[in-house]
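**Q** The chain contents come next:
There are 2 protein chains.
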Amino acid sequence: MKKILEGVTVIDFTQAYSGPFCAMQLADFGARVIKIERACVGDQSREWTPFRNDYSGYYASINRNKESLSLNIASEEGQNIVKALVKDADIVLENFKYGTLAKMGLDYEELKKINPGLIFASLSGFGQSGPLKKLAAYDNVVQSMCGIMDITGYPDGDPCRVGPGIGDSFTGLLVCNGILMAYQHKLKTGEGQCLNVAMLDALFGIVENAILEKTVENKDLARLGTRNALFAPYDVFTCTDGLYTVAVTTDSDFAVFCNAIGKPAMAEDARFATNDARLANYDAMMAQLRPWFADKTRAQADEVMTAANVAGGMVQDIPEVMHDEQLIARDMFLEIDDPGIGLHKNMANPVKMSKTPAALKNGSPLLGQDSDHILEELGYSADTIAAYREAHII
Amino acid sequence: MKKILEGVTVIDFTQAYSGPFCAMQLADFGARVIKIERACVGDQSREWTPFRNDYSGYYASINRNKESLSLNIASEEGQNIVKALVKDADIVLENFKYGTLAKMGLDYEELKKINPGLIFASLSGFGQSGPLKKLAAYDNVVQSMCGIMDITGYPDGDPCRVGPGIGDSFTGLLVCNGILMAYQHKLKTGEGQCLNVAMLDALFGIVENAILEKTVENKDLARLGTRNALFAPYDVFTCTDGLYTVAVTTDSDFAVFCNAIGKPAMAEDARFATNDARLANYDAMMAQLRPWFADKTRAQADEVMTAANVAGGMVQDIPEVMHDEQLIARDMFLEIDDPGIGLHKNMANPVKMSKTPAALKNGSPLLGQDSDHILEELGYSADTIAAYREAHII
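So the protein sequences, as listed, match chains F and C.
Quick note: the first sequence uses the working numbering, first residue -18, plus one each step.
Quick note: the second sequence uses the working numbering, first residue -18, plus one each step.
The set of hints was computed from the structure by calculation and includes no laboratory data.
Among the clues, some could well be false.
In this list, chains with the same sequence are indistinguishable; a pair is considered to hold if it fits within one copy or across any two.
To be verified - When the alpha-carbon atoms are kept at most 27 Å apart in a straight line, the in silico DSS-like pairs for lysine-lysine are as follows: (1) Lys167 <-> Lys(-16); (2) Lys64 <-> Lys78; (3) Lys169 <-> Lys336; (4) Lys277 <-> Lys115; (5) Lys94 <-> Lys(-16); (6) Lys94 <-> Lys84; (7) Lys326 <-> Lys342; (8) Lys84 <-> Lys115; (9) Lys114 <-> Lys277; (10) Lys244 <-> Lys115; (11) Lys169 <-> Lys(-17); (12) Lys167 <-> Lys336; (13) Lys68 <-> Lys84; (14) Lys326 <-> Lys114; (15) Lys326 <-> Lys200; (16) Lys64 <-> Lys115; (17) Lys115 <-> Lys336; (18) Lys336 <-> Lys68; (19) Lys169 <-> Lys93; (20) Lys(-17) <-> Lys342; (21) Lys68 <-> Lys169; (22) Lys169 <-> Lys(-16); (23) Lys64 <-> Lys167; (24) Lys(-17) <-> Lys68; (25) Lys167 <-> Lys(-17); (26) Lys114 <-> Lys78; (27) Lys(-17) <-> Lys94; (28) Lys84 <-> Lys336.
All chains, full assembly: derive it from the sequences and hints.
**A** Take a look at the structure:
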């Protein structure tokens, strides 16, 4: 199988989640990602749980298929190494605080002098412009500011954070999109450019209908727990062994659903016959639907929904997810023999391509494991490399 | 400014959220997206709130910059039109139920005979393989099955749905990534391919550390409300006028934070000096921190955090988000004069590129507004077009 991004070189200064997640998308499809990590310290996620053999599973989960160069980029020697690398690179990726690279003469304005075709991509909490550009942000801060936290949670409870750090993963993917487009432009024209994505912008862009309700109808959409403002029933039901989720989005689907659970009269009832009526009479509708689920297991409910072709699924906890047959069939559990944490299961790349699929080259790198090799490639002598290591330049 | 995807043609069969969101990313950067909508009916999201002038703001929010061709693809004439379009297209995008296009002879196997370089991208709940491939799914179903719902919500409460439909937006972006890579491969080799992304896979891929905690340490991570398993304090605090979010991820940041709120002794206290200790003594820590916020407005808290360079931000509701100065400065509110709902503010594209930026060409199309023009381009006569309209083929 071909690796679509083979021959593409990424100099990756990022750490934590968003940047490494972005770079991993590129590495999964064959790009050479040289991850520059702070000498003797490394990516901050190396300190994040879970641990095995003193290595971080967190780090392992978003850094496969990369090389690690440990480097003190505050030193002149370190800066020279960066410039030598950038000369032949396609992409620089960075998520430093605003202005950090400029202080070291490694910002886009400087680096494009060395390599005019360079693509320079920045990720940060607030982006490279605007009054907050200099401030750091983490996922919970941007989830808060973009409105998503306020519309996640139960109506009678507090706003709630989305469990996973979607501010990071989503921003990482958007940057990846930008990089792929910029690379195409470069292939066509030879021209480089810089691009940036802010976590705040990224999450604001997916607030979905709550923004539109405000701008179009001046309505304030509240948080709705497991419900949805658009459709009913689009919610969870309590079964004997947990929760089961149903999604009915049309009136004809509602009739099918009512038949499946032996309540065909509900679909004829004026209170429930249309989606608008169901939204208006939500509690009455749920009161009639809930008993059917209450004495069944989730598996029993699922069997009926599947047979009737009603969209539904179990609310699974993580141990259950680990045994999900669909995810297994989709090869979403990637076995990796990681140099640090060893053999383990990880989340595979979800983009399934017929001719140029994602591939596993290696697990996440040990800190600086490729430093010697990379410096040799750049023409540094064994003596210089040894001296640099002694001086903690690498 | 150049449009990086100018010259790229997408035949887009998708409806609802994920597919149109994907196609909009391509359209924003200059691709020609011909949206094929069911004749006389249109994309199902045309029926989704909010409405203005009887047009859907939901539809408007994810269909800008596209053309609309209304078409009955169950008719032979409709299928011929599709084939004529595909002949010169680069990309087909579809989110039908599994097998729908095959029944009409419009699946990848057939279409690649017409256009061997075609990129054929499918989005669906469960993907094009595995035991569940034939089932429909919506965002709430995949949020449930992937584990995200179970880890979103408060520890003493029920699992909670993430407010926005992240199963759709995230999957759409992944497909966009896949398309951009496949297009690059096509430019290089002339070769087309098919690709698919499942919503379930997409969301599973961003469950983040909860999966690793299980596979690496066999720990079950519970939902944590506004907290986080990795860092403390990484949570919200109640101010006089709402909630304020703080993210402290290192011990040195904690010392800075404690100084900023006039409690420097806390950073020296063995119970709180390290992140592990703070996680272990969470309630005691929060009990000491909360009073500082309790008598301040969010703006007052924000001023102190900003001055101290501590990552923080207000939990904003949607009306507040609409006036967020950072989002305004980032041009994230796009004014669109939509042919349907008229002038309104929408969410702009968050990928900010220096040489090939996203641009607004037109608002979301009226149903079939481009049918005549597109058929004329294909060589159909005015008489045939009129007859097709009469027969509801277009």
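**Q** Indicate, hint by hint, whether the structure satisfies it.
**A** Verification of the supplied hints:
1. Lys167 <-> Lys(-16): both (19 Å within a copy, 13 Å between copies)
2. Lys64 <-> Lys78: Within one copy only: 20 Å inside a chain, 50 Å across chains, cut-off 27 Å.
3. Lys169 <-> Lys336: both (23 Å within a copy, 13 Å between copies)
4. Lys277 <-> Lys115: Answer is between; shortest inter-copy Cα gap is 24 Å, intra-copy 54 Å.
5. Lys94 <-> Lys(-16): between (30 Å within a copy, 24 Å between copies)
6. Lys94 <-> Lys84: within (16 Å within a copy, 56 Å between copies)
7. Lys326 <-> Lys342: within (15 Å within a copy, 45 Å between copies)
8. Lys84 <-> Lys115: within (14 Å within a copy, 55 Å between copies)
9. Lys114 <-> Lys277: between (53 Å within a copy, 25 Å between copies)
10. Lys244 <-> Lys115: Classified as between: cross-chain Cα gap 25 Å, same-chain 59 Å, threshold 27 Å.
11. Lys169 <-> Lys(-17): Intra 21 Å, inter 12 Å, cutoff 27 Å: intra and inter.
12. Lys167 <-> Lys336: both (23 Å within a copy, 11 Å between copies)
13. Lys68 <-> Lys84: Classified as within: same-chain Cα gap 20 Å, cross-chain 52 Å, threshold 27 Å.
14. Lys326 <-> Lys114: between (38 Å within a copy, 23 Å between copies)
15. Lys326 <-> Lys200: between (45 Å within a copy, 14 Å between copies)
16. Lys64 <-> Lys115: Intra 25 Å, inter 52 Å, cutoff 27 Å: intra-copy only.
17. Lys115 <-> Lys336: For Lys115 and Lys336, the Cα distance is within 27 Å only across copies (23 Å; inside one copy 43 Å).
18. Lys336 <-> Lys68: For Lys336 and Lys68, only the inter-copy Cα distance (20 Å) is at most 27 Å; the intra-copy one is 31 Å.
19. Lys169 <-> Lys93: Both, since 18 Å and 25 Å are each at most 27 Å.
20. Lys(-17) <-> Lys342: within (13 Å within a copy, 36 Å between copies)
21. Lys68 <-> Lys169: both (19 Å within a copy, 23 Å between copies)
22. Lys169 <-> Lys(-16): both (20 Å within a copy, 12 Å between copies)
23. Lys64 <-> Lys167: Only inside one copy: Lys64 and Lys167 sit 20 Å apart there, 32 Å across copies, limit 27 Å.
24. Lys(-17) <-> Lys68: Cα proximity of Lys(-17) and Lys68: in one copy and across copies (26 Å, 25 Å).
25. Lys167 <-> Lys(-17): Answer is both: 21 Å inside a copy and 12 Å across each meet the 27 Å cutoff.
26. Lys114 <-> Lys78: Cα proximity of Lys114 and Lys78: one copy only (9 Å, versus 44 Å across).
27. Lys(-17) <-> Lys94: Answer is between; shortest inter-copy Cα gap is 22 Å, intra-copy 33 Å.
28. Lys84 <-> Lys336: Classified as between: cross-chain Cα gap 24 Å, same-chain 43 Å, threshold 27 Å.
Against the hints set out earlier in the document, no violation occurs for any number.
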